Structures are given as structure tokens and as C-alpha cells.
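Grab the two chains, each in its own frame, and use the hints to assemble them into the complex.
Taken in sequence, the protein lines are chains A and B.
Residues 2 to 230 (our numbering) are what the first sequence spells out, left to right.
Residues 15 to 246 (our numbering) are what the second sequence spells out, left to right.
A hint or two may mislead.
[Said to hold, decoys possible] Straight-line C-alpha distance at most 25 Å; calculated PhoX-like pairs for lysine-lysine:
id	chain 1	residue 1	chain 2	residue 2
1	A	K219	B	K135
2	A	K226	B	K135
3	B	K61	B	K38
The hints are simulated quantities; they were obtained by calculation from the structure and are not laboratory data.
Bear in mind the structure is a predicted one, so any value in this text is a computation, not a measurement.
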Amino acid sequence: MLQGYGSTILDGAWLTLLLALTSMAVAIFLGLLGAAFRLSPIRWLAALGDTYATVIRGIPDLVLILLIFYGGQDMVNRIAPMIGYDDYIDINPFVAGVFTMGFIFGAYLSETFRGAFMAIPKGQAEAGAAYGMSAMQVFFRILVPQMIRFAIPGFTNNWLVLTKATALISVVGLQDMMFKAKSAADATREPFTFYLAVAGLYLVLTSVSLLALRFLEKRYSVGAKVADL
Amino acid sequence: MIFDYQMIWENLPLYWGGVLVTLKILLISLAFGLSLALPLALMRVSKSPWVNFPAWLYTYVIRGTPMLVQLFLIYYGLAQFEFIRDSFMWPYFSSATFCACLAFAINTSAYTAEILAGSLKATPPGEIEAAKAMGMSRSKLYRRILLPSALRRALPQYSNEVIMMLHTTSLASIVTLIDITGAARTVSAQYYMPFEAFITAGLFYLALTFILVRLFKLAERRWLAYMAPRKA
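Excised from the complex, chain B in its bound form (with noise of 0.2 Å):
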């Protein structure tokens, strides 16, 4: 038999140990990631350019390199100024755990941006006028048109962001942490059997996107209800 699956039966809480880390990483990255893209989301639909500026050129940076690039610029990369080394920020900025979260939530906050700024850009231009019509002030408009429609219709857009963001995480990895790559990567060195670890892994993200999959259908099911096509 070539393939040889014993060791990685013994080693599965390994990897089970790896699916908390990676669940993990992208619960908080993408919390913070969300809640950051919110505000650069409404900086990105601003007619002034002195709002939309900023924001427009964060997100075009973040997309235009590479989540790797962006990791060992922050893991590595910050360790090179004194002045963050003698910081009281330093015991954050020497873990991984908190690297590669900061890296991945800057990452998602700029896709999710543009994400929500292109579903706040359409809202049918009738809704907005019936609001002004109502009287609503602009933060209330925002509150009770605006961000709850445009949310909503961005929920399909954000789940392959979030699908995005679980494939990403496995970029910790290659900063020491024990995510399911991590426990992949540690189980091909020691017993010397790549295939089978990897081949591994894949499954258990192969299995956390169909859940993922999942919930987000469900989501959609309960919030966009009122887009799905009429039943017969």
C-alpha cells in the first residue's frame, strides 16, 4: 500500500488543535476586520475627496500586494525600528497570534470595504428619496435605510470573503503558529509523509468551507428573504 494513514489517525488531535487555532484567527481577524471596514465603507462612498481619498487608497495598497507580503512586513518587518522594540507595544507585536490577526484583519477590512461601499453604492436611488421624503436626517437614513439593505445584500459577497479569509489564515503557518496547516506541516516533518498530511488538512478545510457554505445559505435564507425568486 502506498498510502499509509495510521500515523495521521494517531496524530488527529494534532489537527483538531489546529481547527480551535484556525477558527480562531479568523473569528477575531474577521470581527475586527468587519468592524474597521465599516467606517472606511462609508469613507468610500463620500463624494468629498478628502474622505473618500484616504480610503480609496488604503484598500487599493492592501488588494494590490500580497497577504504575505503584508504578514512579515508586520511580524517581521516592525522588529527592525527600535522605537517599536522598546514600546510598551512590543510583547503584542513579538507574538505571532497577534501579527498574523492584525495582518489578516487590515487584509479582509480592505476587501470588505469595497465589498460593502460597491452595496451601499446600490441602493435603488427611490428607497433613498422616499427617506428624505419621510424627513429622516442623514445619520438616520444611514441607520434605518441605508446599512441595513445594504448589509443585507452584501451578505453573499461577504460569504466568499469570509471563505477568502479561512483559506488565508493558513498563511499563519508559515509564521510558527499551529493552525490545521501548522499541525499538517509538523506531522509531514516528523514522520516524513507529506502526502497523506496535507491530503489531510485539505479535508478539514474542505469541510470547514462547506460548512461555511452552509451557514451563510441559512443566512441568506432568513435575511435576503425578500430577494429570493417567487415560488410557484
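Same shape as in the complex, but just chain A (with noise of 0.2 Å):
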């Protein structure tokens, strides 16, 4: 039915989800580091983590991407010549994608885990530091597994957004499914058949994401108390 086509699909459905895997890292690390900022006393940085949760998320996938990909690309090379390196420099489009979507996640994901922590009741950390914890201990003992607990929903959300937008970084050359798909609906003339393969396998990958973070939200759920209706 797919011509022979189907491994090279399975192949870039492979680097799809490691470009979502590898990005929702980096944008995890950019998320709690925006986060941070922006829940700091210090202004400077809670001025600082707001304008790149503001800028990012007003900005489309789209556009960032491009700007970053072909707009980066052009930047680093009319810098490096006047940092003496003449050669021109190729960014691998796998790299270029991970930190293009790490880092406009990241600025989701910090709203996610701002509004996380700050769910937290004070009492809490209170209670910790009266049990004469230091302050690291206070914040990976108890601030973090219970603000885990309260980000999960957000954070699914944004898996499964992230897993979709992957799609985009085909636009600029990575060779995922999507890419794969159109090479092969232009190859067969066809374009029906791969399209709907390549929905097929991210629906899959979007139910399993669910089922997998649904199960991983009654694990840090446990013991917590729900209100019957």
C-alpha cells in the first residue's frame, strides 16, 4: 500500500520523536530556568523571564523557526568574519531544531511551572525550613515533587503541542516523517495515502503520550485529596 515507502516513514517517525524527546529536555531546563526568573525577587530577572515568556509565546511556531533556522544561519555567518573564520557555517537542521523548539516550549513551560510552584501552599516550605532543612533541600524535598504534581496537566499539554509543531521543523529541512511523507507523495503521486499514514502515526504517538502521562499523573497524585462530587 505505501509503495515501499513505509520503512523510510518508520525512520523519520524515529527522528520525530527523538527531535521531541531531545527538545522537551532542553525545553524543561529552559522552562524551570524561566520559572525561576521569573517567581526571583530580584526585578531585573523576573523582568527578563516575563519578556521571554511574553515574546515567545506572541510570536508563531512558524516564524520563529524560520527566523531561527535561516535568520541564525545568516547571523552566524556575518559574525564569524569579523571574528576571523571565513568558511561558511552549515547548521545541522537536527541541532538547529532542538533548540529552536526548546527554546519557544521552554517559554510555554515556564507559565506551566510558575503557576506550579506557586500552587504550592507556603505553609509548606515553611514547614521545611522549621524542620532545619537548607534551602536546596527545601526546593528538591518538597517544592518539586508537589510541583510536579501540579504541572502535569500543563505539561501534557505542551508535549502534545510540541510533538504536533515537530512537524514544522520539516519546512526547513529535517528529514522526519513529514518529510519523508512528502517525498514520497511527490515520488508516487499519491500525496493522499502518506499524509494519512504520517496522521496515523502522530495520532499514535499522541494516544500513547495521553496514556503514558495519565498513568504517570496518578503516580504523583497519590495521597493527594480529591473532592467527590
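Structure (C-alpha cells):
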């Protein structure tokens, strides 16, 4: 049915998954950093964090991808000669993709994490301090485990949006499953078949993610009080 | 100077044209998406699985696949079938504007339906009981009690969806339309200055986003005034 293109599309699917997972790791790091900035009492740090979150969330993913991928490459090659490097620098689309997606979704996650930290009752950290824990201990033993519980619904949402947004990286030439499907569609003149197959693969990816994250949510909510309606 | 905005300045009319195309696509897809979302939301709150399941499946599949794939399925994919190429609809399906609006409308209808269904389900039970006690029929209950309050309460979430849609319209540039992103791609390719071209596009989107946020804040102040915190 897929005329022998099935395996190359599966290769692409693997790349899509890899791109999504690595970008998410970068996004979690930037998201935590962003949340820490935005919750910081130091005013210029908070303003910096707020600007990052507001500006990135106000611009379409596609524009940011084109800006960072083409614009970034262009900038690197305009600046490089100034510091005495004359070869043309070609940025690897996977690396560029990971940083672009990580940078975009770090902004969205900073919002999720900030809300999650603020949802923890103040008394929790105070109780930790009263037990003689250091600030780091309070952070990692009291705040982070509870923050994860509050952050999971927002995180799930962001992960699903990120997974689907990886399709856009095919526009700048990363050979993910969308790219492979386009090549196959052009070669066989059967675009519907291949795009439908890719849609199915994305649906599998999002469905599995939903199940896995729902399980995780249950794990992290053990012992949490739920009001029965 | 490493930045050169002279060319951007000269090409501003192209960007303005792009703004109009972006707004046109946005408004058309939002209008059709919302009118499709309302019946879907009513199906999604139905207790009958025969009514609920098809709507659930529709929103699940649309929300579980990337917008780009949906757009390509409609714009490139449908041309694969001879009966579509031979049908009276072909002039529409071969137009990028029509396909982009159709794909965006379908996409936003699924997200909006879930927002409205959530809002309908969150109606305080007392309001429904009161309406029933007043002897309202089912359709009157929906027209006078459920929908007016659910649509209002959906406003904050719907404003997020509208902004997401504004950003989604940038995909129209992939199927050759000259919206804001399309204008930036044209400028970028013509003068080879991707950085300035896309930064400018980003600023236009940022401005439109802020305007939309502001408009929705005003709308909330008008229609959600009863839910605002009481002033001291």
C-alpha cells in the first residue's frame, strides 16, 4: 500500500520522536530557568523572564523556526568573519530544530512551572525550613515533588503541542516523517495515502503519550485529597 | 552595521498586504469553525453514546494530528482522487485560500468544541434545576440558560484559541499564500536577509497578538462583568 516507502517513513517517525524528546529536555531546562527567573524577587531577572515568555508566546512557531533557522544561520555567517572565521557555517537541521523547539516551548513551560510552584501552599516550604532543611533541601524534597503533580496537566498539553509542532521542522529540511511523506507523495503522486499514514503515526504518538502521562499523573497524585462530587 | 532595515522599509506595503491576508483567513476560519463547534459541543455533552462518540472521535483525531498534516491532506492530498478532480468542487479544492481556510476551520472547530463542551458541563447544577422548576422546555433551557452563560464563561479560553489560530494562519505561507509570514519569506528570498525579514514578521504578529488580547479583555469586561472580583 505504501509502495515500499513504509520503512523510510518509520525512520522519519523515529527522528520525529527523537527530536520531540530532545527538544522537550531543552524546554524543561529553559522552562525551569524561566520560572525561577519570573518568581525571583530580583526585579530585572523577573522582567527578563516575563519578556521571554510573552514575546515567544506572541509569535507563531513557524516564524520563530524560520527566524532561528535561516536568520540564525545568516547571523552566524555575518558575525563569524568579524572574528576571523571565513568558512561558510552550515547548521545541522536536527541541532537547530532541537534548540528552536526547546527555546519556544521553554517559554510555554515556564508559564506551566510558574503556576505549579505558586500552587504549593506557602506553609509547606515553611514547615521544611522549620525542620532545619537547607534552602536546597526544601526545594528538591518539598517543592519539586509537589510542583510535578501540579505541572503534569499543563506539561501533558505542552508535550502534545510540541510533538505536533515538530512537523514544522520539515519545512526547513529536517528529514522527519513529514519530510519523508512529502518525498514519497511527490514520487508516487499519491499524497493522500502518505499524509494519512503520517497522520495515523502522529495519532499513535499522541495517544500513547496521553496514556503514559495519565498514568504518571496518577502516580504523582497518590495521597492527594480529591473532593468527590 | 550588521542589520539592514532599508529593504524592509521599502517592502512594508508587502507586509501590510500580508496583514490583510492573515486577518482575512483568520476571520473566515474562526467564523466557520465557531459555527461548526457549537453543534459539536452540544453533541459532546449528550449522554447518548451514539451522539457523543462521533463528536468525541472527530475532536480527538483533529486534536491528535498536526495542523500541517491536515492542511497537506486537504490541499495536496485530495487531488489524488479523480472523482474530486472531476467534481464541481475542484475549482475550490485547487485554491490555496479555500483549502487553508477549510483546514483551519476544521482544526479550530475541534478545539473550540471541547472548550464549549467543558464550559457547558461547568454550568452550576442549581441554574439548570431552577430552569426546570420554572417549567422550561429543553430547547428553552439551552437558549435562555445554558448557552448564554456557557458562551460567556468560555470567553477567556476562547481568547487563547483565537490567538493560537492567529499563529496557525502562518502555515498558509507553506501553501503559497502571501500572508505576513509569506511576505517575510518573499523578502527573505529576494534580498537574502532572513533575519530582518522574519524579525519584522514576528513584530507584526506580536502587535496583532497584543491587540487581540486587549480586545478580549474588553469583551470579558463587558460580558463577564458579573464574575469579576468585587472592588473594595
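task = Starting from the hint list further up, note which numbers the structure goes against and sort them upward.
result = 3
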